[in-house]
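Participant: One letter stands for each residue in the lines below.
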Amino acid sequence: MSTFIENLVNAKLRNMKNMNNIYEVGHVSKVKDYILEVVGLEAVGFYERVVIANHSVGYVTAIGKNSVKVALLQRTNAIYVGDEVVTTGFDFCAMYSKAAIGHIVDIFGEDRLLGEKFENLKPYMIETPAIPIMERGEVSRPFYTGIAGIDLIYPIGYGQRQLIIGDKKTGKTQIAVDAIVNQKDRNVICIYIAVNKTKKNIRELYDSLMRKGAMEYTLILAAFNDDEPPVSFFTPYAGLSIAESYMREGQDVLVVIDDLKAHADIHREISLLSDKVPGRDAYPPDIFYTHSRLLEKGCQHKDGGSITILPIVETRGGDITDYISTNIISITDGQLVLSRKSFEKGLKPAINYGLSVSRLGGAVQDKEMKKLGAVVRRKFLSYLETKEVYQLANVDEMSPEMQQSLKEGEQLQERLLQYKFSPRSADEIMRDFKEVVGKEL
Amino acid sequence: MAEVCVGKIISVSELNITVLLTENKVKIRDILYVYNKGQKIEFEVAEEDGEVISAIPFQSVIGLKKGLDVFKAEKGLEIQYNDEILGKVFDSYGSLLDENTIEEEKKRNVYARNLSLEEINLNGGILWTGIKVLDFFAPMQKGFKMGLLGGAGVGKTVLIKELIHNVYTGLNSNSVFVGVGERSREGKELYDEMSEAGLLDKMAVVFGQMGENSAARSKAIFSGLTLAEYLRDEKNQDVLLFIDNIYRYVQAMSEINAELSRIPIENGYPANIASAVSDVEERINSTEKGSITSFQAIYIPADDTTDQAVQTITTHLDGQIVLDRKVAEKGLYPAVDVFNTTSKLIDIEKIGERHYYLVEEVLRYYSRYRELEEIIAVLGIEELSAADTNVFYRTRMLRNYFTQPMFVAENYTGIKGEFVAIDDILDDVEDILSGKCDGVDESNFLFIGKYHGNKKDK
Numbered sequence: 001m002s003t004f005i006e007n008l009v010n011a012k013l014r015n016m017k018n019m020n021n022i023y024e025v026g027h028v029s030k031v032k033d034y035i036l037e038v039v040g041l042e043a044v045g046f047y048e049r050v051v052i053a054n055h056s057v058g059y060v061t062a063i064g065k066n067s068v069k070v071a072l073l074q075r076t077n078a079i080y081v082g083d084e085v086v087t088t089g090f091d092f093c094a095m096y097s098k099a100a101i102g103h104i105v106d107i108f109g110e111d112r113l114l115g116e117k118f119e120n121l122k123p124y125m126i127e128t129p130a131i132p133i134m135e136r137g138e139v140s141r142p143f144y145t146g147i148a149g150i151d152l153i154y155p156i157g158y159g160q161r162q163l164i165i166g167d168k169k170t171g172k173t174q175i176a177v178d179a180i181v182n183q184k185d186r187n188v189i190c191i192y193i194a195v196n197k198t199k200k201n202i203r204e205l206y207d208s209l210m211r212k213g214a215m216e217y218t219l220i221l222a223a224f225n226d227d228e229p230p231v232s233f234f235t236p237y238a239g240l241s242i243a244e245s246y247m248r249e250g251q252d253v254l255v256v257i258d259d260l261k262a263h264a265d266i267h268r269e270i271s272l273l274s275d276k277v278p279g280r281d282a283y284p285p286d287i288f289y290t291h292s293r294l295l296e297k298g299c300q301h302k303d304g305g306s307i308t309i310l311p312i313v314e315t316r317g318g319d320i321t322d323y324i325s326t327n328i329i330s331i332t333d334g335q336l337v338l339s340r341k342s343f344e345k346g347l348k349p350a351i352n353y354g355l356s357v358s359r360l361g362g363a364v365q366d367k368e369m370k371k372l373g374a375v376v377r378r379k380f381l382s383y384l385e386t387k388e389v390y391q392l393a394n395v396d397e398m399s400p401e402m403q404q405s406l407k408e409g410e411q412l413q414e415r416l417l418q419y420k421f422s423p424r425s426a427d428e429i430m431r432d433f434k435e436v437v438g439k440e441l
Numbered sequence: 442m443a444e445v446c447v448g449k450i451i452s453v454s455e456l457n458i459t460v461l462l463t464e465n466k467v468k469i470r471d472i473l474y475v476y477n478k479g480q481k482i483e484f485e486v487a488e489e490d491g492e493v494i495s496a497i498p499f500q501s502v503i504g505l506k507k508g509l510d511v512f513k514a515e516k517g518l519e520i521q522y523n524d525e526i527l528g529k530v531f532d533s534y535g536s537l538l539d540e541n542t543i544e545e546e547k548k549r550n551v552y553a554r555n556l557s558l559e560e561i562n563l564n565g566g567i568l569w570t571g572i573k574v575l576d577f578f579a580p581m582q583k584g585f586k587m588g589l590l591g592g593a594g595v596g597k598t599v600l601i602k603e604l605i606h607n608v609y610t611g612l613n614s615n616s617v618f619v620g621v622g623e624r625s626r627e628g629k630e631l632y633d634e635m636s637e638a639g640l641l642d643k644m645a646v647v648f649g650q651m652g653e654n655s656a657a658r659s660k661a662i663f664s665g666l667t668l669a670e671y672l673r674d675e676k677n678q679d680v681l682l683f684i685d686n687i688y689r690y691v692q693a694m695s696e697i698n699a700e701l702s703r704i705p706i707e708n709g710y711p712a713n714i715a716s717a718v719s720d721v722e723e724r725i726n727s728t729e730k731g732s733i734t735s736f737q738a739i740y741i742p743a744d745d746t747t748d749q750a751v752q753t754i755t756t757h758l759d760g761q762i763v764l765d766r767k768v769a770e771k772g773l774y775p776a777v778d779v780f781n782t783t784s785k786l787i788d789i790e791k792i793g794e795r796h797y798y799l800v801e802e803v804l805r806y807y808s809r810y811r812e813l814e815e816i817i818a819v820l821g822i823e824e825l826s827a828a829d830t831n832v833f834y835r836t837r838m839l840r841n842y843f844t845q846p847m848f849v850a851e852n853y854t855g856i857k858g859e860f861v862a863i864d865d866i867l868d869d870v871e872d873i874l875s876g877k878c879d880g881v882d883e884s885n886f887l888f889i890g891k892y893h894g895n896k897k898d899k
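Read top to bottom, the protein sequences are chains P and S.
Heads up, the first sequence is in my numbering, so the first residue is 1 and it goes up one at a time.
Heads up, the second sequence is in my numbering, so the first residue is 442 and it goes up one at a time.
The set of hints was computed from the structure by calculation and includes no laboratory data.
Ideal Cβ positions, reconstructed from N, Cα and C, are used throughout, including at glycine.
Careful, some of the hints might be misleading.
[Claimed, not checked] Here are the in silico distance ranges between beta carbons for each label pair:
#, chain 1, residue 1, chain 2, residue 2, range
1, S, Tyr476, P, Leu273, 31 to 39 Å
2, S, Phe780, P, Glu401, 27 to 35 Å
3, S, Gln480, P, Asp303, 19 to 27 Å
[Claimed, not checked] Chain P regions said to be covered by chain S (calculated; three or more residues, Cβ under 8 Å):
#, region
4, 41-49
5, 60-68
6, 242-255
7, 389-395
[Stated by the list, open to error] Below, computed lysine to any residue pairings styled on SDA-like, alpha-carbon distance capped at 20 Å:
#, chain 1, residue 1, chain 2, residue 2
8, P, Lys65, S, Asp865
9, S, Lys506, P, Asp91
10, S, Lys478, P, Ala62
11, S, Lys771, P, Glu410
12, P, Lys65, S, Tyr807
13, S, Lys767, P, Asp319
14, S, Lys857, S, Tyr807
15, P, Lys199, P, Lys261
16, S, Lys767, S, Leu799
17, P, Lys379, P, Glu414
18, P, Lys261, S, Ile889
19, P, Lys367, S, Phe848
20, S, Lys767, S, Val721
21, P, Lys387, S, Asp864
22, S, Lys506, P, Glu440
23, S, Lys478, P, Pro123
24, P, Lys371, S, Phe888
25, P, Lys379, P, Tyr419
26, P, Lys367, P, Glu440
27, S, Lys785, S, Lys771
28, P, Lys371, S, Asp633
29, P, Lys434, P, Leu392
30, S, Lys767, S, Lys785
31, P, Lys341, S, Lys767
32, P, Lys302, S, Asp471
33, S, Lys771, P, Gly354
The following block holds chain P by itself, in its conformation from the complex (with noise of 0.2 Å):
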């Protein structure tokens, strides 16, 4: 035994003698809520993991001249002014472990139901470089969300980025889950990430996904409202992170991060603790780039894998020209607005047709698809618009061919209705949408 100490002994000297696996000790001068301020510590790496007072784990986010900044990732036990902090010599990274889909994880590798770490996890680094111009595909491959609003009127493909945008209870995650309900038995690996989302509801996420048989084949990655601020920061960047890897092995992915809103406003936090200039809304300057580049990841790879993202954005009052709605609008390749309105009068799912867009349209349908879709688009936008001039004349009075565009909206916008968990195929909505419009084809 005391060989194997001498070894141990032997070992560290002889790292220390070629500088190497020395870590450093500095010592907290200040703490502001989960940022501090650490002195001493000289050779430490911009985001290198810190550990502070063996118990706490942080991350170093600036260097001073005379001390460095380190935000919290995990606080078991109080920090007190004076307590060590030893660099460990890695990069912050998140941990995950291919054996975790089917799991709630958070990025550390924690089982969160169990409360266990998965075996054999990989560091995934929390930060990847753009993904290069010229490594992007076409998107163009349909990616069915069973949805009839949006297959066939506002459709998504495999790496595009279509944001899911509305107040509170208008069915924006039902939305989300339904496309991944959807996915069953079309190989697509599922990542649902969660930021500021009760425990509550991450649970019921869980339970029905259960019930549906979807866990099978999604991760749902999970910050909760009590972790530090700083985790709730960087789950979605780990999840994307990781759904990177994945098409880079030639999977298809769908990522959904619920919701965007909640994590500007986290950025928002931690950029004012840290005394940065506040822009707009006091949000920070860079809230942008805090999103395009998140978002930048979704991508048809010229490879063959892709990332599809559904973002999700929490509005107040409707309104989706506020700072942030605005901001991830201009990053994403279309939005699905939800209405209340629509909502409350019972027209599920509560789109609102007017103001949704898919930048790439047609283009991620098939032929079939795309040919019916444009005619009920067209057919459907007028109905909405003429009904609203109109709605004080005498339908009698109208022109025929008014009349007969009154009652094809009609019965389009019955058809566009459908609730939860109930996906239809492609060629459910062919038929339906045929009867309609069929003739015009």
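Given the coordinates of chain P, assemble chain S onto it according to the supplied hints.
Facilitator: Only chain S this time, still in chain P's reference frame:
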């Protein structure tokens, strides 16, 4: 060339590296670099304060430490300045993004001097775009700077692509496309579409897209301008310059400003916003040798047209095309807000009486229609006077007429694009206003090229 060590790193944050100098031969916009785990990381000097300088890193600084040796590069930021730029795609720092190589190594610094008053040339012919609503309300002239304003998702990029498609074929000269802080997917699509259409070899492209850090997004525009200047000054061409999106340049400047801990103005913009924009805009001008006609997409943050950055950019423009969400919502594309879309060419001396008076009359109809809409919402259409009823129905026809199927939007609409000549536009508008088309169902005007309908086919 031996490497010159000029100092050591003393602090690191995401976008700001400070260096304590040992040698005092560093000026603003010099390029410095360090080696970190075998990787070269470059920065550009942004601020000097005695022995200490602040620099903006071009690459990710994860893992960077205090005390690393900093070296100085021989030259500042450069890009190719020769015939081989055509058909090539560059990143913000002038490196090639595609698998091409460049043999002739002639480069130039990306920060050129601005033009003097004497060098600037104002004369240029009218440039028809074939897009009805643009040619009618905001005609273009060679050498113009046209802004394309619109909130998120109202169709800016589609319009830019259509312009490339249409103007390009007409002008038959080379163009430069600068992608600043926009989607990489769209950048790649543009590249693919151009190469499929065989237009790529007439075009040089620079990308600093939204997935890249603010240094990349703020430099792309300077690299792109240098390429355009090469075509103008050395090749004597009429160059088309597309910038998508110039707002992102200001946005990137705000990010850098915040990281340098400088005090911002409203909404976090840098205090030097006006000069930062002028640095770019004053270089986009025509000379005796050639012209630069530019289309600049301008993003409107939070749909707020009074935004400081938007206002600063638009003061430099000769005209603007404003896209409006309310129009887009009705499915009328291009979703142009005709009240705010203007051009310096809308002048009786420049476009002639007929065109000028038609524009005035159409705007009169539109504004009356806007008032009528409110009345109708309360009273219904039956209560309108005969004259107002005409205005109501004719404006709806006009509104539909000014939509257009676009070549590049065939995927969304399923209808093939059309190029419409200005004479046809004026004839059609005149017919609608004069009542020749009364009684025709308004849907007949939706997404068409020129209208044949009641009149003799020319």
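Participant: Now tell me if each hint is right for this structure.
Facilitator: Status of each hint after checking the structure:
Separation of Tyr476 (chain S) from Leu273 (chain P) is about 33 Å and conforms to the stated range, judged on CB atoms against 31 to 39 Å. A hinted range of 27 to 35 Å for the beta carbons of Phe780 (chain S) and Glu401 (chain P) is consistent with their spacing of about 30 Å. Distance hint check for Gln480 (chain S) and Asp303 (chain P): the Cβ-Cβ separation is about 24 Å, which falls inside the suggested range of 19 to 27 Å. Counting residues of the region 41-49 of chain P whose beta carbon lies closer than 8 Å to any beta carbon of chain S gives 7, which meets the minimum of three for the stated coverage.
Residues of the region 60-68 of chain P with a Cβ under 8 Å from some Cβ of chain S number 5, which satisfies the need for three, so the listed coverage holds. Interface restraint, the region 242-255 of chain P with chain S: violated (0 residues with C-beta to C-beta distance below 8 Å; minimum three). Using a Cβ-Cβ cut-off of 8 Å, 5 residues of the region 389-395 of chain P lie near chain S, which meets the minimum of three, so the contact claim holds. Restraint check for Lys65 (chain P) and Asp865 (chain S): not satisfied, since their Cα atoms lie roughly 69 Å apart, outside the 20 Å limit.
For the suggested pair Lys506 (chain S) and Asp91 (chain P), the alpha carbons sit about 12 Å apart, so the restraint of at most 20 Å is met. This hinted pair checks out: Lys478 (chain S) and Ala62 (chain P) have alpha carbons roughly 19 Å apart, not beyond 20 Å. A C-alpha spacing of about 17 Å is found between Lys771 (chain S) and Glu410 (chain P), which places the hinted pair at or below 20 Å, so the restraint holds. Simply put, Lys65 (chain P) and Tyr807 (chain S) have alpha-carbon atoms about 62 Å apart, too far for the 20 Å limit, and the pair is violated.
The straight-line distance between the Cα atoms of Lys767 (chain S) and Asp319 (chain P) is roughly 13 Å, inside the 20 Å bound, and the hint therefore holds. About 28 Å separates the Cα atoms of Lys857 (chain S) and Tyr807 (chain S), which puts this hinted pair outside 20 Å; it is violated. Straight-line distance between C-alpha atoms of Lys199 (chain P) and Lys261 (chain P) comes to about 18 Å, which keeps the hinted pair within the 20 Å bound. At roughly 24 Å between alpha-carbon atoms, Lys767 (chain S) and Leu799 (chain S) are farther apart than 20 Å, so this suggested pair is violated.
Under the criterion of a C-alpha separation no larger than 20 Å, the hint pairing Lys379 (chain P) with Glu414 (chain P) is consistent with the structure, at around 14 Å. With a C-alpha separation of about 41 Å, the suggested pair Lys261 (chain P) and Ile889 (chain S) falls outside the 20 Å cut-off, and the hint is violated. With a CA separation close to 18 Å, the supplied pair Lys367 (chain P) and Phe848 (chain S) stays within the 20 Å bound. As the CA atoms of Lys767 (chain S) and Val721 (chain S) are separated by approximately 32 Å, the hinted pair breaks the 20 Å bound.
In summary, the hint linking Lys387 (chain P) to Asp864 (chain S) is not supported, as the alpha carbons are separated by about 35 Å, beyond the 20 Å threshold. Taking the CA atoms of Lys506 (chain S) and Glu440 (chain P), the gap is near 67 Å; set against the 20 Å cutoff, the hint is violated. Simply put, Lys478 (chain S) and Pro123 (chain P) have alpha-carbon atoms about 18 Å apart, close enough for the 20 Å limit, and the pair holds. Pair hint Lys371 (chain P) plus Phe888 (chain S) holds up; C-alpha atoms about 16 Å apart against a cutoff of 20 Å.
Proximity of Lys379 (chain P) to Tyr419 (chain P) is assessed by CA-CA distance (about 23 Å); at most 20 Å being required, the pair is judged violated. For the proposed pair Lys367 (chain P) and Glu440 (chain P), the alpha carbon gap of about 15 Å is at most 20 Å, so the pair holds. A threshold of 20 Å between alpha carbons decides the hint, and for Lys785 (chain S) with Lys771 (chain S) the separation of about 29 Å lies outside it, so the pair is violated. The suggested pairing of Lys371 (chain P) with Asp633 (chain S) is violated, with an alpha-carbon distance near 24 Å, which exceeds 20 Å.
Straight-line distance between C-alpha atoms of Lys434 (chain P) and Leu392 (chain P) comes to about 30 Å, which puts the hinted pair past the 20 Å bound. Pair hint Lys767 (chain S) plus Lys785 (chain S) does not hold up; C-alpha atoms about 25 Å apart against a cutoff of 20 Å. Of the supplied pair hints, the one linking Lys341 (chain P) and Lys767 (chain S) holds, its CA atoms being roughly 18 Å apart against a limit of 20 Å. Taking the CA atoms of Lys302 (chain P) and Asp471 (chain S), the gap is about 37 Å. The hint is violated against a cut of 20 Å.
The suggested pairing of Lys771 (chain S) with Gly354 (chain P) holds, with an alpha-carbon distance near 7 Å, which does not exceed 20 Å.
Hint check: violations occur at hints 6, 8, 12, 14, 16, 18, 20, 21, 22, 25, 27, 28, 29, 30, 32; the rest are consistent with the structure.
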